[in-house]
Amino acid sequence: MAVTRPLSVFETYQRSIKGSKLDEKEWDYKVIPQNATSMKEKYRLHFGKEFIPTDNSTKERLFLAGLEMLVMTGIYNADTHRVVKVTEEEVRECLKKAPRSLIMGSGKDAADFSARKGNSKKKPVIQGGPTGAPVSEEMFIPLIQSFAQEAMVDTIVSGVMQTIDGMTVQTNTPWEIKATQAEIRAIREACRRAGRPGMGI
Amino acid sequence: MIAGWLNQGNIIMVEQMPIFGGYTGGLEETAICDVATTLASFTLLNGSFHLDGPIHIRWGITTARETLQVAGHAAAAIDAHSDLLLANQYYPIAGPCTEMCLLETAAQAMVDTASGRELLSGSAAAKGVATDSTTGMEARIMGEAAIATAGLKVDDVNQLVDTLVKTYETGYAKAPTGKTFQECYDVKMVYPTKEYMEIYDRAVAKMKNIGIPLA
Chain H
382 MAVTRPLSVF ETYQRSIKGS KLDEKEWDYK VIPQNATSMK EKYRLHFGKE FIPTDNSTKE
442 RLFLAGLEML VMTGIYNADT HRVVKVTEEE VRECLKKAPR SLIMGSGKDA ADFSARKGNS
502 KKKPVIQGGP TGAPVSEEMF IPLIQSFAQE AMVDTIVSGV MQTIDGMTVQ TNTPWEIKAT
562 QAEIRAIREA CRRAGRPGMG I
Chain P
5 MIAGWLNQGN IIMVEQMPIF GGYTGGLEET AICDVATTLA SFTLLNGSFH LDGPIHIRWG
65 ITTARETLQV AGHAAAAIDA HSDLLLANQY YPIAGPCTEM CLLETAAQAM VDTASGRELL
125 SGSAAAKGVA TDSTTGMEAR IMGEAAIATA GLKVDDVNQL VDTLVKTYET GYAKAPTGKT
185 FQECYDVKMV YPTKEYMEIY DRAVAKMKNI GIPLA
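Order-wise, the sequence lines are chains H and P.
The letter at position 90 of the first sequence is residue 471 when you use my numbering, and the numbering goes up by one with no holes.
The letter at position 132 of the second sequence is residue 136 when you use my numbering, and the numbering goes up by one with no holes.
The shape of chain H in the complex, shown without the other chains (with noise of 0.2 Å):
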């Protein structure tokens, strides 16, 4: 795991309850949109027809853009309807600390996770699986497989079963949490149904 970052959950926490207070709509029509193009223009951007920037100088100043434009807006806690601000230091000694690489998964079927430069020969991860999109409780196992056996993929992310023993599931109740046990339980059954037993889900 990475090591201690200088920015701990808990002091995120308490300058979401002691940040300067917003109304969201003044964040999401006014804050964003005119620190965004505010930046655009300081930094010169204008991406043309390319997909991927093919000149240094481009991802410089767009890196820039976004360093500047979250220093200087912060986040937006839309619970605490506070804005949670923070250094330019604290960003760039936290981009020194984060993870360059992590295993997924375990045994022969682990996945190295760790950082390609530019357009590296080395292959990204495929991390095969529904995305978050709805699947049926009859179906999971099976569709879940057929991710689990393609060669092709290294590590599995889930989909939303429906229902769980034919019951609908509903976001802040107990169903919620047998759910999302059931799921990892019949992704971990796909995984070995798959001869992948070790998987990263």
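Simulated from the structure, these hints should not be mistaken for laboratory data.
These figures come from a predicted structure and were not determined experimentally.
A virtual CB, placed ideally from N, CA and C, is assigned to each residue, including glycine.
Where hints are given, some of them may not hold.
[Unchecked claim] Simulated DEER-style distance windows between Cβ atoms: (1) P:Thr174 <-> H:Glu407: 37 to 47 Å; (2) H:Arg569 <-> P:Lys198: 26 to 36 Å; (3) P:Gln12 <-> H:Arg566: 12 to 22 Å; (4) P:Asn213 <-> H:Lys402: 56 to 66 Å.
Starting from the known structure of chain H, fit chain P onto it as the hints suggest.
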């Protein structure tokens, strides 16, 4: 919840999907906000990796030309200035067992791979809203396209993706919803139907004709 997961030593994935055409604005503004929120996920939430997903406000997909541009620029900018672990997720408009779905998925895999992302997560075909409308075949093309792209010159990838996107971007309004898993797989054997295999082969042939070096 993050506090608890961190104390358990879990990997923390922070997900965020900037909306192109929403209140963040156009291409560049959305990419700026994408970079900002990606950095925030590592700074404020102690993320281990970030799951992106720039989405088109009109079509609700990640495979549109504009959302691919946002994702490609944001990833390349962050990749050039850090070793952060970056991922992206897939929401094509077309459903399984259609050529369009496979072409869309491949286009995004090419952009994600060439812009330096470390993990591709998908795919939620048919915009991720229809029940049982995802299958392993979409992940197969995602992986095949990623392998074919890794190591190519970014200039070349830009041109190939431009040609590929042109093959499907005029079809959003009448995009095929495709088939459910039950309809395009033998559920008992968990094997794609002959129809889906043929559609897959046609999509691969089309991409090879464009010049994409699929195996």
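Check your understanding: Going through the earlier hints one by one, which of them does the structure break, listed in rising order?
Key -> none
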